[in-house]
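S.K.: Chain by chain, the residues run as shown.
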Amino acid sequence: EPEVTQTPSHQVTQMGQEVILRCVPISNHLYFYWYRQILGQKVEFLVSFYNNEISEKSEIFDDQFSVERPDGSNFTLKIRSTKLEDSAMYFCASSEVPGELFFGEGSRLTVL
Amino acid sequence: DQQVKQNSPSLSVQEGRISILNCDYTNSMFDYFLWYKKYPAEGPTFLISISSIKDKNEDGRFTVFLNKSAKHLSLHIVPSQPGDSAVYFCAANKLGGKLIFGQGTELSVKP
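Order-wise, the sequence lines are chains A and B. Numbering follows our numbering, in which position 92 of the first sequence is assigned residue number 92; successive positions increment by one, without gaps. Counting the second sequence from 1 gives a position; our numbering is that position plus 1000.
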């Protein structure tokens, strides 16, 4: 069964460092997303991406965040200068049509 | 502004009985509703969905009911099994828009 894969599963970084989280969406999907879940809180939308551009982003997704689809398979989330409050589980998702998202297993980011 | 709310943080049910998970929403523009199941240290897994033109959708042991006038949906699991123990998230969106998640309800099914 096709699945969304994410790497790394866990990343520990120092505050102020750049982090790149990688995702390989399901191959025939056209819509890509990043969500995050801070420990004990709800799953929050960060950004959606379609046709090689951001289609929607949340208030959380400020100038420190960027997304890229550098080739036909990868979808990355970059955090330029990490803050303590960026520590969370980051989930990549993809969908063939808007609405029914398939999520990866998540990348846990710990900022020290 | 919590547009999707799950007011019960936890639910405990005996194996074989029905589990009913509830969700309320405030945005009348939502037209697609989904339930996701999440195990610890894993991503949410899509379970079942319903569009606003329906009031019921069934898939095996799982049934989702939508009451648009009350802005309420529920997930019924019958019969409940210990393997159903997980956190269940309700989510909603407008066509093509972002998914808004509820806070989740942790279901525990006891043997």
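Quick caveat, the hints were computed from the structure, so don't treat them as lab data. Just so it is clear, the structure is predicted and the values come from calculations on it, not from any experiment. Take these hints with a grain of salt, some might be off.
Restraint-style ranges between C-beta atoms, simulated for each label pair [as the list claims (entries may be wrong)]: (1) B:Glu1042 / A:Ile60: 17 to 25 angstroms; (2) B:Arg1017 / A:Gly72: 44 to 52 angstroms; (3) A:Pro8 / B:Pro1040: 36 to 44 angstroms; (4) A:Leu30 / B:Met1029: 37 to 45 angstroms.
Computed list of lysine to any residue pairs in SDA-like fashion (alpha-carbon distance at most 20 angstroms, straight line) [what the hints assert, rightly or not]: (5) A:Lys42 / B:Gly1097; (6) B:Lys1005 / A:Gln41; (7) A:Lys42 / B:Ser1085; (8) A:Lys42 / B:Thr1026.
If you want the footprint, here are the derived chain A segments under chain B, 3+ residues with CB under 8 angstroms [stated by the list, open to error]: (9) 42 to 49; (10) 87 to 101.
C-beta atoms are modelled at their ideal positions from N, C-alpha and C, and glycine is treated no differently.
S.K.: Taking the beta carbons of B:Glu1042 and A:Ile60, is their distance inside 17 to 25 angstroms?
M.R.: 22 angstroms, holds
S.K.: Can you confirm whether chain B covers the stretch 87 to 101 of chain A, using C-beta to C-beta distances below 8 angstroms and requiring at least three such residues?
M.R.: holds (count 6)
S.K.: Does B:Ser1085 sit within 20 angstroms of A:Lys42, going by the straight-line distance between their CA atoms?
M.R.: 18 angstroms, holds
S.K.: Given the hint of 36 to 44 angstroms, is the C-beta distance from A:Pro8 to B:Pro1040 inside that range or not?
M.R.: 18 angstroms, violated
S.K.: Using the beta carbons of A:Leu30 and B:Met1029, state whether their distance is inside 37 to 45 angstroms or not.
M.R.: 23 angstroms, violated
S.K.: Taking a Cβ-to-Cβ distance below 8 angstroms as contact, does the stretch 42 to 49 of chain A have at least three residues touching chain B?
M.R.: Three-residue rule met by the stretch 42 to 49 of chain A, so holds; n is 5.
S.K.: Taking 44 to 52 angstroms as the stated bounds, is the beta-carbon spacing between B:Arg1017 and A:Gly72 within them?
M.R.: 48 angstroms, holds
S.K.: Assess, step by step, whether the Cα of A:Lys42 is no farther than 20 angstroms from the Cα of B:Gly1097, and give holds or violated.
M.R.: Roughly 18 angstroms separates the two Cα atoms, so the pair holds.
S.K.: Is the hinted pair A:Lys42 and B:Thr1026 satisfied, with a Cα-Cα distance of at most 20 angstroms?
M.R.: 17 angstroms, holds
S.K.: Would you check the hint for B:Lys1005 and A:Gln41, treating anything up to 20 angstroms between C-alpha atoms as holding?
M.R.: 13 angstroms, holds
When the structure is compared with the earlier hints, violations turn up for hints 3, 4 and for no others.
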